[in-house]
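Turn these sequences into a full structure, and let the hints steer you where they fit.
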Amino acid sequence: MVEKTELVTRVEYLSDVVKENVIRIAEDAYSSIKIDNLFRYLDEENNVMYCASGSDEDFCVSVSDYRPELNVSALGLLINRFGEPHSLNVKESSLDPGLHIFYITWKRVIH
10 MVEKTELVTR VEYLSDVVKE NVIRIAEDAY SSIKIDNLFR YLDEENNVMY
60 CASGSDEDFC VSVSDYRPEL NVSALGLLIN RFGEPHSLNV KESSLDPGLH
110 IFYITWKRVI H
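Numbered according to my numbering, the sequence shown spans residues 10 to 120.
Errors might be hidden in some of the hints.
[Said to hold, decoys possible] The list that follows gives simulated cross-link-like pairs (lysine to aspartate or glutamate, DMTMM-like), each with its CA atoms no further than 20 angstroms apart:
#1 Lys-116 to Glu-54
#2 Lys-116 to Asp-45
#3 Lys-28 to Asp-45
#4 Lys-116 to Glu-78
#5 Lys-28 to Glu-93
#6 Lys-116 to Glu-36
#7 Lys-116 to Glu-66
#8 Lys-116 to Glu-53
#9 Lys-28 to Glu-53
#10 Lys-100 to Asp-65
#11 Lys-116 to Glu-101
[As the list claims (entries may be wrong)] Per label pair, the in silico range of CB-to-CB distance:
#12 Asp-37 to Asn-98: 19 to 25 angstroms
#13 Asp-65 to Glu-21: 30 to 36 angstroms
#14 Ser-40 to Glu-78: 18 to 24 angstroms
#15 Glu-93 to Ser-40: 15 to 21 angstroms
#16 Leu-104 to Glu-54: 22 to 28 angstroms
#17 Tyr-75 to Arg-117: 17 to 23 angstroms
Calculated from the structure, these hints are not laboratory results. Positions of the beta carbon are idealized from the N, C-alpha and C atoms, including for glycine.
Here is the structure:
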């Protein structure tokens with residue numbers, strides 16, 4: 010686990026294609042009634058994987074990246090769409106050392 014004092018963040022330009030796909034998978038996870046659904050998008054140009062999933066109580070978007078700086082590029086885009094997240098977490102993959110995963114989680118609000 011990376012301690013907060015060690016985190017260095019990075020914001021990159023997201024192309025329109027990446028923005029559209031990140032929003033698409035996040036909306037799919039938000040509206041999905043199946044808990045086991047996992048929606049993915051790979052930004053092949055930057056080798057960054059975006060995943061989204063949901064449960065009855067919340068939904069999460071994760072950003073997986075091998076670079077040591079925390080990739081927060083999608084955070085502003087997602088906050089504009091879904092509001093402030095309930096939690097932000099980062100961890101290094103236990104299956105793939107060097108892969109950093111940034112989790113952005115919102116409480117589900119169903120109207």
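Results of checking the hints against the structure:
1. Taken as a hint, the Lys-116 and Glu-54 pair is broken in the structure, with Cα atoms around 31 angstroms apart against an allowance of 20 angstroms.
2. With a CA separation close to 17 angstroms, the supplied pair Lys-116 and Asp-45 stays within the 20 angstroms bound.
3. Simply put, Lys-28 and Asp-45 have alpha-carbon atoms about 24 angstroms apart, too far for the 20 angstroms limit, and the pair is violated.
4. With a C-alpha separation of about 26 angstroms, the suggested pairing of Lys-116 with Glu-78 is violated against the 20 angstroms cut-off.
5. For a cut-off of 20 angstroms, the pair hint linking Lys-28 to Glu-93 stands: about 18 angstroms separates their Cα positions.
6. With a C-alpha separation of about 14 angstroms, the suggested pairing of Lys-116 with Glu-36 holds against the 20 angstroms cut-off.
7. Distance restraint check for Lys-116 and Glu-66: the Cα-Cα separation of roughly 6 angstroms lies within the 20 angstroms cut-off, and the hinted pair is therefore satisfied.
8. Restraint check for Lys-116 and Glu-53: the C-alpha separation of about 30 angstroms exceeds 20 angstroms, so the hint is violated.
9. For the proposed pair Lys-28 and Glu-53, the alpha carbon gap of about 14 angstroms is at most 20 angstroms, so the pair holds.
10. Among the hinted pairs, Lys-100 with Asp-65 is inconsistent with the structure: their alpha-carbon atoms are about 24 angstroms apart, more than 20 angstroms.
11. For the proposed pair Lys-116 and Glu-101, the alpha carbon gap of about 24 angstroms is over 20 angstroms, so the pair is violated.
12. Range check, Asp-37 to Asn-98: Cβ separation about 21 angstroms, and the 19 to 25 angstroms hint holds.
13. Taken as a hint, the range 30 to 36 angstroms holds for the pair Asp-65 and Glu-21, whose Cβ atoms sit roughly 33 angstroms apart.
14. In this structure the supplied range 18 to 24 angstroms is violated for Ser-40 paired with Glu-78, their Cβ-Cβ distance being about 32 angstroms.
15. One distance hint, 15 to 21 angstroms for the beta-carbon pair Glu-93 and Ser-40, holds here, with the actual separation near 20 angstroms.
16. For the pair Leu-104 and Glu-54, the supplied restraint of 22 to 28 angstroms holds, since their beta-carbon distance comes to about 24 angstroms.
17. Separation of Tyr-75 from Arg-117 is about 30 angstroms and departs from the stated range, judged on CB atoms against 17 to 23 angstroms.
The earlier numbered hints that this structure contradicts are 1, 3, 4, 8, 10, 11, 14, 17.
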